[in-house]
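Each chain, letter by letter, is given below.
Protein chains: 2
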Amino acid sequence: MKAEIVTIGDELLIGQVVDTNSTWLATQLNQIGIAVNRIHSISDDAAEIKSILDDVKKRVNLVIFTGGLGPTKDDISKKAIAEYFNLELYENLQVLEQVRQFIHNRGFSMNELNRQQALVPENSRVMINQKGTAPGMWIEKDGFVCISLPGVPYEMKDIMIQDGLPALKKYFDTPFIVHRTILVHGISESQLAIRVEAWEDAIPKTIKLAYLPSPGRIRLRFSSVGKDKAALETAILEQISALEQLIPEHIVAYEDTNIEIVLSQVLREKGLKMGTAESCTGGRIASKLTQLPGSSEWYAGSIIAYHNDLKTKLLQVPPTLIDEHGAVSSQVAEAMLLGLLDKPPIEVGIAVTGIAGPDGGTNEKPVGTVWIAVGNKKEQMIEHFQLGTQREQNIERASVIALTMLWNFVKQF
Amino acid sequence: MKAEIVTIGDELLIGQVVDTNSTWLATQLNQIGIAVNRIHSISDDAAEIKSILDDVKKRVNLVIFTGGLGPTKDDISKKAIAEYFNLELYENLQVLEQVRQFIHNRGFSMNELNRQQALVPENSRVMINQKGTAPGMWIEKDGFVCISLPGVPYEMKDIMIQDGLPALKKYFDTPFIVHRTILVHGISESQLAIRVEAWEDAIPKTIKLAYLPSPGRIRLRFSSVGKDKAALETAILEQISALEQLIPEHIVAYEDTNIEIVLSQVLREKGLKMGTAESCTGGRIASKLTQLPGSSEWYAGSIIAYHNDLKTKLLQVPPTLIDEHGAVSSQVAEAMLLGLLDKPPIEVGIAVTGIAGPDGGTNEKPVGTVWIAVGNKKEQMIEHFQLGTQREQNIERASVIALTMLWNFVKQF
Numbered sequence: 001m002k003a004e005i006v007t008i009g010d011e012l013l014i015g016q017v018v019d020t021n022s023t024w025l026a027t028q029l030n031q032i033g034i035a036v037n038r039i040h041s042i043s044d045d046a047a048e049i050k051s052i053l054d055d056v057k058k059r060v061n062l063v064i065f066t067g068g069l070g071p072t073k074d075d076i077s078k079k080a081i082a083e084y085f086n087l088e089l090y091e092n093l094q095v096l097e098q099v100r101q102f103i104h105n106r107g108f109s110m111n112e113l114n115r116q117q118a119l120v121p122e123n124s125r126v127m128i129n130q131k132g133t134a135p136g137m138w139i140e141k142d143g144f145v146c147i148s149l150p151g152v153p154y155e156m157k158d159i160m161i162q163d164g165l166p167a168l169k170k171y172f173d174t175p176f177i178v179h180r181t182i183l184v185h186g187i188s189e190s191q192l193a194i195r196v197e198a199w200e201d202a203i204p205k206t207i208k209l210a211y212l213p214s215p216g217r218i219r220l221r222f223s224s225v226g227k228d229k230a231a232l233e234t235a236i237l238e239q240i241s242a243l244e245q246l247i248p249e250h251i252v253a254y255e256d257t258n259i260e261i262v263l264s265q266v267l268r269e270k271g272l273k274m275g276t277a278e279s280c281t282g283g284r285i286a287s288k289l290t291q292l293p294g295s296s297e298w299y300a301g302s303i304i305a306y307h308n309d310l311k312t313k314l315l316q317v318p319p320t321l322i323d324e325h326g327a328v329s330s331q332v333a334e335a336m337l338l339g340l341l342d343k344p345p346i347e348v349g350i351a352v353t354g355i356a357g358p359d360g361g362t363n364e365k366p367v368g369t370v371w372i373a374v375g376n377k378k379e380q381m382i383e384h385f386q387l388g389t390q391r392e393q394n395i396e397r398a399s400v401i402a403l404t405m406l407w408n409f410v411k412q413f
Numbered sequence: 001m002k003a004e005i006v007t008i009g010d011e012l013l014i015g016q017v018v019d020t021n022s023t024w025l026a027t028q029l030n031q032i033g034i035a036v037n038r039i040h041s042i043s044d045d046a047a048e049i050k051s052i053l054d055d056v057k058k059r060v061n062l063v064i065f066t067g068g069l070g071p072t073k074d075d076i077s078k079k080a081i082a083e084y085f086n087l088e089l090y091e092n093l094q095v096l097e098q099v100r101q102f103i104h105n106r107g108f109s110m111n112e113l114n115r116q117q118a119l120v121p122e123n124s125r126v127m128i129n130q131k132g133t134a135p136g137m138w139i140e141k142d143g144f145v146c147i148s149l150p151g152v153p154y155e156m157k158d159i160m161i162q163d164g165l166p167a168l169k170k171y172f173d174t175p176f177i178v179h180r181t182i183l184v185h186g187i188s189e190s191q192l193a194i195r196v197e198a199w200e201d202a203i204p205k206t207i208k209l210a211y212l213p214s215p216g217r218i219r220l221r222f223s224s225v226g227k228d229k230a231a232l233e234t235a236i237l238e239q240i241s242a243l244e245q246l247i248p249e250h251i252v253a254y255e256d257t258n259i260e261i262v263l264s265q266v267l268r269e270k271g272l273k274m275g276t277a278e279s280c281t282g283g284r285i286a287s288k289l290t291q292l293p294g295s296s297e298w299y300a301g302s303i304i305a306y307h308n309d310l311k312t313k314l315l316q317v318p319p320t321l322i323d324e325h326g327a328v329s330s331q332v333a334e335a336m337l338l339g340l341l342d343k344p345p346i347e348v349g350i351a352v353t354g355i356a357g358p359d360g361g362t363n364e365k366p367v368g369t370v371w372i373a374v375g376n377k378k379e380q381m382i383e384h385f386q387l388g389t390q391r392e393q394n395i396e397r398a399s400v401i402a403l404t405m406l407w408n409f410v411k412q413f
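Protein chains in written order, with the numbering used here: chain A, 1 to 413; chain B, 1 to 413.
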């Protein structure tokens with residue numbers, strides 16, 4: 001079973017926007033056993049849309065369009081696709097109501113452009129958009145399926161997760177593809193590869209292993225395709241058990257998750273409230289944690305003490321300590337943590353101080369120097385890290401490492 | 001003059017790698033007056049390469065391939081392209097020497113796979129790769145140009161900058177393409193479209209207008225193609241001037257930038273230091289600001305007072321105020337701001353309190369209720385917003401709106 005993806009938008013063709021929609025869709029389609037044959041980006045132009053439909057139909061049975069469904073005049077996908085399949089547009093009352101509700105919830109009232117979003121092609125299935133006003137469409141003709149989705153990534157993803165992917169799985173009756181991802185922290189990709197080399201060489205050919213590294217962590221993905229789902233799962237779990245013997249201290253989770261979720265689960269279990277004192281990470285840790293719904297149950301807040309006066313005023317770091325050791329030092333990291341832990345209801349915490357770059361480095365403390373302290377009032381762990389030269393990478397890696405350190409600290413209780 | 005880009009590699013089709021090569025190439029080609037008609041990603045397969053060459057030749061005079069030129073077995077572009085144009089491969093001594101030198105400089109000696117890199121098609125022009133061992137190729141046939149480049153981004157870019165772009169500019173006598181992007185805040189896409197409808201309808205057909213929305217802001221992009229660069233620029237600037245009359249309060253910048261950069265420029269100019277007091281945005285604002293290199297010059301820090309005790313302890317919000325009006329209220333937003341402004345060196349600031357969701361909403365204050373205060377010790381502006389129901393969107397929109405409010409406040413001085 002093969003598909004092609006077509007992303008529509010002049011912004012892609014002039015290089016203003018990177019096409020991440022295709023990447024996400026390709027990953028998702030692969031996971032439900034649909035291989036992607038080609039990916040195309042074309043302009044907001046009806047003739048282009050019709051021409052590529054002609055081509056794609058010759059090669060595969062499924063095309064997914066993204067983009068060109070918004071309310072403004074430069075969005076023409078819906079009309080072009082409907083014309084291609086000889087379908088009239090009509091006002092769908094369910095969509096109209098959903099759009100009205102969506103606009104209403106934001107405190108606005110419907111305008112003519114919003115109303116046009118409810119126009120959908122006859123003989124097509126509407127794919128409700130819960131995150132926006134442009135619905136998706138599912139059109140079938142002679143065994144060929146054409147899905148058209150909005151280009152806004154979170155709307156497109158939500159429609160696919162809620163509707164598109166399950167519907168495709170059912171419609172095309174694809175074989176099982178079993179994926180299992182584990183989360184590995186505290187080891188680099190090449191270190192990991194060397195450490196598990198013999199194990200990796202012995203993995204049966206039917207199981208594919210992929211290293212998916214991001215700053216501070218590696219996701220290891222096991223994949224296997226076949227008719228017997230239970231057998232596929234068992235075979236993968238055997239490999240994971242063998243790996244666990246080799247790197248027990250580095251496996252943070254046995255699912256595709258992230259360290260903030262793993263940490264939040266432990267905090268919830270233990271009934272602990274945490275806080276953060278951030279300097280070089282500048283709120284990245286706070287922002288990651290508060291992205292999780294319900295984080296107020298276990299997260300009290302953060303002090304982003306970028307300026308040294310705030311370290312002193314808000315975290316009670318003695319100015320003499322900063323003068324003596326510098327703001328980026330184990331002593332200041334420790335003092336920041338202790339100052340933080342003095343603010344009820346915070347019981348456990350993280351303090352980070354470092355030089356994210358590109359400026360601010362010295363010979364003694366180059367860019368990438370980071371001190372992280374975690375702990376509670378009784379016990380603190382402080383560690384030094386020498387990260388890289390890229391600001392964004394340093395902020396992200398320091399944040400992930402700090403969260404991992406606190407998770408290691410908290411789970412022992 | 002139009003071109004198409006084809007990136008080759010299975011890793012693109014399974015979603016493991018985002019195709020940033022196309023984005024970069026599209027930007028570069030646009031800048032030398034070559035419009036990109038379509039972008040394609042295909043698999044490492046000779047038949048696919050030949051088939052897409054057939055298609056592309058029908059539409060445009062230039063194709064640029066990236067990928068599939070490396071020394072390993074799954075890289076087959078060179079052979080497939082040479083076969084398509086009926087060209088034999090021969091060992092090019094200049095390339096062989098360059099590869100030998102490159103390998104030697106790294107302390108290795110040549111192996112059979114390296115040697116194969118020196119095989120190039122006859123009647124083609126070699127594009128020397130100074131950053132790697134796979135050369136690029138330039139093939140011309142009947143007015144059609146086919147360029148094939150390695151897939152490693154920094155190698156591909158170097159070959160294009162050193163050789164490809166100047167050569168293309170010379171070979172094709174191209175018109176100019178002028179793009180201009182402006183940044184619009186504080187109005188929704190459909191509201192904007194309605195408000196500027198008459199103006200938009202009157203835009204000359206030679207200028208294309210695109211709406212590029214993200215949470216809390218819209219980028220408006222004007223594009224025009226022609227022989228007289230100055231005339232194109234003037235024509236676009238006239239449209240922007242006319243638009244400025246219609247929505248003066250919503251235009252944040254006349255270039256493709258973002259609000260945190262715009263705000264940072266004003267703060268730097270005025271020599272002001274800012275701080276933030278965040279509740280529902282949970283550090284998102286701090287994180288956006290500290291992503292900018294050198295932010296410590298104008299950013300002092302943030303208090304993320306998620307828990308009410310921290311609002312009281314760190315921002316001196318009176319507990320009675322919270323009891324009386326609730327933590328999400330204009331009174332608490334104001335008190336948070338005043339508490340923040342009491343921490344030197346902070347001179348101007350933002351305070352945000354709200355309900356990001358999905359939980360925590362009430363009938364009176366549903367999810368999406370947000371109060372934002374900005375100002376200095378003398379003067380504060382406080383506004384209420386009713387955002388949507390999605391946590392992530394609410395955090396992002398509230399952050400962008402708050403930054404816009406502070407920018408409006410600060411620029412008046």
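Each hint should be verified, as a subset may be incorrect.
Same chains, same label: a pair holds when it works inside one copy or across any pair of copies.
Unchecked claim - With a cut-off of at most 20 Å between alpha-carbon atoms, the simulated SDA-like pairs for lysine to any residue come out as follows:
hint : residue 1 : residue 2
1    : K58       : E48
2    : K270      : Q316
3    : K131      : G216
4    : K270      : P345
No lab work stands behind these hints, which were simulated from the structure alone.
Note that the structure is predicted; figures quoted are calculated from it, not measured.
For each hint, the structure was consulted:
1. K58 - E48: both (16 Å within a copy, 13 Å between copies)
2. K270 - Q316: So K270 and Q316 fail the 20 Å test inside a copy (28 Å) and across (30 Å) alike.
3. K131 - G216: between (31 Å within a copy, 15 Å between copies)
4. K270 - P345: Classified as within; 15 Å inside a copy, 38 Å across copies.
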